[in-house]
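K.L.:
Letter by letter, the chains look like this.
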Amino acid sequence: MNTFAELIIVFIILIDLALAVTGSLSSCIKLVALQGVVAGILPLLAMHGSPHFRAVAFAAVIIALKGAVFPWLMMRARDRSGARKDVEPLISYPASILLCLGAFIASSWLGSRLPLPETGVAWIVPASLATIFTGFLLITTRTKAITQVLGYLVIENGIYIFGLALFVEQPMMVELAILLDVFVAVFVMGIAIFHISREFDHIDTAELSELSDWRRGEDGR
Amino acid sequence: MLLVLLSLLVLLASSALAFVLRKDPARAQDAGAYGAVAASLTGLLPAGRVLLTGMPETLALPWAVPLGSLSFTLDPLAAFFLAPLFILTGLAAVYGVDYLKAYEGKKPLGLAWAAFNILTASMVVVFTAANAVLFMLGWELMAAAAFLLVLFEHEREQSRRAAYLYLAAGGAGALLLLAAFGLLGRSAASLDFALFSVPAGGGASAVFLLCLAGFGLKAGFIPLHVWVPEADPAAPGYVAAVMSGVMMKTGIYGLIRVLGFLSPWQEWWGWAMLLAGAASCVLGGLFALAQHDLRRVLAYSSIENIGIILMALGLGTVAAVNGATAMSALAFAGALLHVLNHALFKGLLFMGAGAVLRGAGTSELDALGGLGKRMPRTLPLFLLASAAACALPPLNGFTGEFLIYLAAFGGAAAPAALAGIVTALALAVAGALAAAAFTRAAGTAFLGEPRTGRAAGAQEAGPLMIFSMRALALLCLLAGLAGPLLLLPVGTAVAAAFGLAPALAAMEGAAAPLVYVSAAGLLLISLAALVFAGRALALKGKQPAAAGTWDCGYAAPTARMQYGAASFSQPLTDFFQPILRKIGQYPVITEYFPGKASFSTEAQAVFYNSFYMPAAARLRDLAYRFSWIQHGRLQIYILYIVVTLLLLLLWKL
Amino acid sequence: MEIVKPLVQLLAALLLAPLLPGVINRVKAFFAGRRGQPLLQLYYDLAKLLRKTPVYSRTTTWVFKAGPAIGLAALAAALLVMPFAGRPSALSFDGDFVYLIYLLGLARFCAVLAALDTGSAFEGMGASREMQFAVFSEPGFFLGLAALAAVTGQRSLGGMFGVLTGDSWRVAAPVLALLTASFFIALLAENSRVPADDPNTHLELTMIHEAMILDHSGPDLAYILYGAALKLWLFGSLIASMVLPSHSGAWARDAAMFLLVMLGVAAAVGVTESVMARLRLTKVPYMLITAFAFSALALIFQMGR
Chain E
1 MNTFAELIIV FIILIDLALA VTGSLSSCIK LVALQGVVAG ILPLLAMHGS PHFRAVAFAA
61 VIIALKGAVF PWLMMRARDR SGARKDVEPL ISYPASILLC LGAFIASSWL GSRLPLPETG
121 VAWIVPASLA TIFTGFLLIT TRTKAITQVL GYLVIENGIY IFGLALFVEQ PMMVELAILL
181 DVFVAVFVMG IAIFHISREF DHIDTAELSE LSDWRRGEDG R
Chain G
1001 MLLVLLSLLV LLASSALAFV LRKDPARAQD AGAYGAVAAS LTGLLPAGRV LLTGMPETLA
1061 LPWAVPLGSL SFTLDPLAAF FLAPLFILTG LAAVYGVDYL KAYEGKKPLG LAWAAFNILT
1121 ASMVVVFTAA NAVLFMLGWE LMAAAAFLLV LFEHEREQSR RAAYLYLAAG GAGALLLLAA
1181 FGLLGRSAAS LDFALFSVPA GGGASAVFLL CLAGFGLKAG FIPLHVWVPE ADPAAPGYVA
1241 AVMSGVMMKT GIYGLIRVLG FLSPWQEWWG WAMLLAGAAS CVLGGLFALA QHDLRRVLAY
1301 SSIENIGIIL MALGLGTVAA VNGATAMSAL AFAGALLHVL NHALFKGLLF MGAGAVLRGA
1361 GTSELDALGG LGKRMPRTLP LFLLASAAAC ALPPLNGFTG EFLIYLAAFG GAAAPAALAG
1421 IVTALALAVA GALAAAAFTR AAGTAFLGEP RTGRAAGAQE AGPLMIFSMR ALALLCLLAG
1481 LAGPLLLLPV GTAVAAAFGL APALAAMEGA AAPLVYVSAA GLLLISLAAL VFAGRALALK
1541 GKQPAAAGTW DCGYAAPTAR MQYGAASFSQ PLTDFFQPIL RKIGQYPVIT EYFPGKASFS
1601 TEAQAVFYNS FYMPAAARLR DLAYRFSWIQ HGRLQIYILY IVVTLLLLLL WKL
Chain D
2001 MEIVKPLVQL LAALLLAPLL PGVINRVKAF FAGRRGQPLL QLYYDLAKLL RKTPVYSRTT
2061 TWVFKAGPAI GLAALAAALL VMPFAGRPSA LSFDGDFVYL IYLLGLARFC AVLAALDTGS
2121 AFEGMGASRE MQFAVFSEPG FFLGLAALAA VTGQRSLGGM FGVLTGDSWR VAAPVLALLT
2181 ASFFIALLAE NSRVPADDPN THLELTMIHE AMILDHSGPD LAYILYGAAL KLWLFGSLIA
2241 SMVLPSHSGA WARDAAMFLL VMLGVAAAVG VTESVMARLR LTKVPYMLIT AFAFSALALI
2301 FQMGR
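The listed protein sequences correspond, in order, to chains E, G and D. Numbering of the first sequence is given in this note's numbering, commencing with residue 1 and proceeding in unit increments. Numbering of the second sequence is given in this note's numbering, commencing with residue 1001 and proceeding in unit increments. Numbering of the third sequence is given in this note's numbering, commencing with residue 2001 and proceeding in unit increments.
Hints are supplied without guarantee of correctness; some may be wrong.
Chain E is faced by these chain D residues, among others (derived, beta-carbon under 7 Å) [unchecked claim]:
1. Gly2033
2. Ala2173
3. Pro2174
4. Tyr2286
5. Ile2289
6. Ala2296
7. Gly2304
Here chain D is said to cover these stretches of chain G; the calculated rule only asks that three of the stretch's residues, wherever they fall, bring their Cβ under 8 Å from a Cβ of chain D [stated by the list, open to error]:
8. 1226-1236
9. 1300-1311
10. 1314-1324
11. 1608-1619
Since the hints were made in silico from the structure, they are not lab data. Positions of the beta carbon are idealized from the N, C-alpha and C atoms, including for glycine.
Here chain E stands alone, though its shape is the one from the complex (with noise of 0.2 Å):
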């Protein structure tokens, strides 16, 4: 068994170089739900014993919410706002893979630093640091606004394997408390997603820059 949730790890360490690479919007949505159904596979794996009835409803909840209602929202949200289906990254692909490969180093290093409790699978720690670098990754070096939504649902799901590191059994407060946090947080960008593409032409928020007045002529685009 310790082996298979090995394996979940590097499938997500996987699914952060696909993410870090991946060229088209609606590819970068499915991995995203595709990691966050993962995630919420893993504490059943990761559980000594058999699973409390509880926690595989728990499990079932966040499955459904990020492999279902999250991809949902967000592919209505990008034919909404009619933007183009590709991602449009600053930096090139052997770039974004070097950095992603870089951030996976860090994760390691610095989870052999740490002074964390010992887990039954080797790489939570790194794989969860890892998640939460490319979070910031896609966050930072794409130009769209629902690539900035995806980047921190990439996070909230590092942390969320990050927790576990710490309590194989999650409290129900814990639980509870990140999942109305995901919730709110894509509530939240949804309601700004279409306020910004109703109000500009596009939810390219490099053109965002022309919010104030005095920059405009200075780096015309």
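With the hints as your guide, set chains G and D onto chain E.
P.N.:
Structure of chains G and D alone, referenced to chain E:
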């Protein structure tokens, strides 16, 4: 030891003779060349003897210079560096006789030969000196002699620029070395190497850094490499071979000596050398890929190989600090073996480039082509040297790198294993880049159709040039196949340099793989012979037809349509554009039937333009602020002298 | 020292290598709804080519004639190093995987020089792209072999594949899975398979390996095609030895298992070629960098455990 001194005297005497006879170029040439060859043969004997027996020889004479003494030591490390020195200078002298024939009457050949022999003599002094003052004497003489030789074609602006750059780098390096030697010998009666003591705490690191920079300016690793791509192409072919093959190695020799003084080592020294070496080999290979002059390609390839040697030294240091003696010994052995191998194949490459320059009048890759048909005896030698430079079995470039790989994969504990992985990765990338660079250079120059009239009318190299090149090619092949035999002298040199007595035993582990490599090399050659025989059998009785190269039915193919040097490397140089910063001049075509257009790309000297030039400009501006001190009035100058004397008196009181 | 078994292994490799491209072509034909060439087509082609009289371009020198021969010798020498069915072959020593990679580099060096000798723009194009891909694929391949050395604790190919068993997969599954993926991508790139290069295209602007051998004919072309089959065998045996290591102790059973898995690898290559399209030329380095990332991840996982 006496034989080494004898060769030294022969060199100095022949140099003086060549200078005296400079009005008669033929006699001067004879004096210089025969003297160089005689000295080489004389010097090889003691070097070989010391390497085989492992017993150092010393000689000490008193000297009137303060802090100095004429003490020479020929230990296995020095002997290991003397061997390629003598081999290369002897063969280069033979090569030079034919090479300089074209300059008879136009250039002062006597002066050139005098400078060449002084260069060799000074390098002998550098390798065998056991006193810092003697060492610096040899060092500066070496710089001066090479400066004169770089200025051989002083009528060209590029040569003058190269010479100034070389002198500046050498001068800065010498200053740093003086500081380092001062720190090492601060509490000794004279600056003898045997009397050196390690300064406490940060002092040792300071000495290390001063030596890394000082010797690095001569060795030429990135970022201290800026003079190499200018000076190597400016010097005549045979001098460039010696400069690149041996002179740059004096920096490595100095670094190894100082490491020997500075025990115990600190780990970050090893990491500094490793990272600098890794950067040098990858960037050197990359820059070599982007050059359009054959000799600049070879200069950057030298930088790449020096990077490999430095990286191996760093790996050995890290491993030694972490207690992995076997790994450390292997890494140092790989570094030294690569010193020898690089001297051999780089010397051959520069000689080939000299032959191209002599024969075709230019070494611009995009103006050459098809030289293989016009220079049929140079072609196989240059291709063999290129294969050796790419570290392809069964030639000698592979054996040194193989030892470094063995060291890199031998690590157990974490820091040493990480260092090993970085080394192996850098070597792999550098190897692939070097392969691309050399296939490009050799292919564009020698293969295909000639791109200009000059290439079409190229002349074959002279008989003495061919003789030297063939000798070096044979040595490359032998050194590749005789790897295990070379392990003994390398081992004694490593043990002498670093005092790693268990090193010799640890290196037994390397003997078996090297024997296999040599056996595999012989098997490869026999397999090739078998395949050729099969081919001859298949072609028996058949008469192959001749036709033009397939051109897809295009009616009028020209030689300019071939892939040139710039186009061959374009996919790679475009990918690495942020590092290479190519400048391109692209035509703007607006009509439907455009007429003539031209296009050019050039890879800039990135470090020189982005770092050294702005830094030099800042320094110059700072210096101008003080130009008010010079205003030409005699009275104020005398006032300066009086004020200085007063200040000195006050200070002493 | 055993001579018979390594000799038999070498002969088997030499004889069976041309079967692999046949299997690939048959699988591709199956996907296309065709019957396809006979399985032994490459053998027939080689026999035909050896009988033909070559045509040499007037621009070429002896380099053009020697290139394919030396390349084939290098690849045959590489066979001497590569283990067969988990058993070390004739030459097995510490660091022999380094030797293997540089032998492949020698074969590439000869091919590129022979291509540049023709003075044609097509061969130059193929040669330039070939060297570009080598810069990206060699580090990944190297790191992968280093990771394999770390997993098995051995420094020679024979040692590595001798130690690798089904248990190794149980213990280090993620590492070995990543390595298999990385080596498979390297196989596709080095053997000019889709998505790196299309072996069936005859548009010069889209060819890489095919463009380099455009002017060769007769026995030289036979050597090149046979060498390509040997290279496919080399990479295939790497993957086959890793995927299903079989150590029952009986040589015949292990050999049969190994050959079966080799055919399976060839079939997998055929399937990949049929379901994927060829990548745009500028994207091929990205694919190779992905292979490098897989190898690096595998190495990090291995070093961290």
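K.L.:
Work down the list of hints and note, for each, if the structure agrees.
P.N.:
Results for each hint:
{"no.": "1", "hint": "Gly2033", "result": "violated (30 Å)"}
{"no.": "2", "hint": "Ala2173", "result": "holds (6 Å)"}
{"no.": "3", "hint": "Pro2174", "result": "holds (4 Å)"}
{"no.": "4", "hint": "Tyr2286", "result": "holds (5 Å)"}
{"no.": "5", "hint": "Ile2289", "result": "holds (5 Å)"}
{"no.": "6", "hint": "Ala2296", "result": "holds (6 Å)"}
{"no.": "7", "hint": "Gly2304", "result": "holds (6 Å)"}
{"no.": "8", "hint": "1226-1236", "result": "violated (count 0)"}
{"no.": "9", "hint": "1300-1311", "result": "violated (count 0)"}
{"no.": "10", "hint": "1314-1324", "result": "violated (count 0)"}
{"no.": "11", "hint": "1608-1619", "result": "violated (count 0)"}
When the structure is compared with the earlier hints, violations turn up for hints 1, 8, 9, 10 and 11 and for no others.
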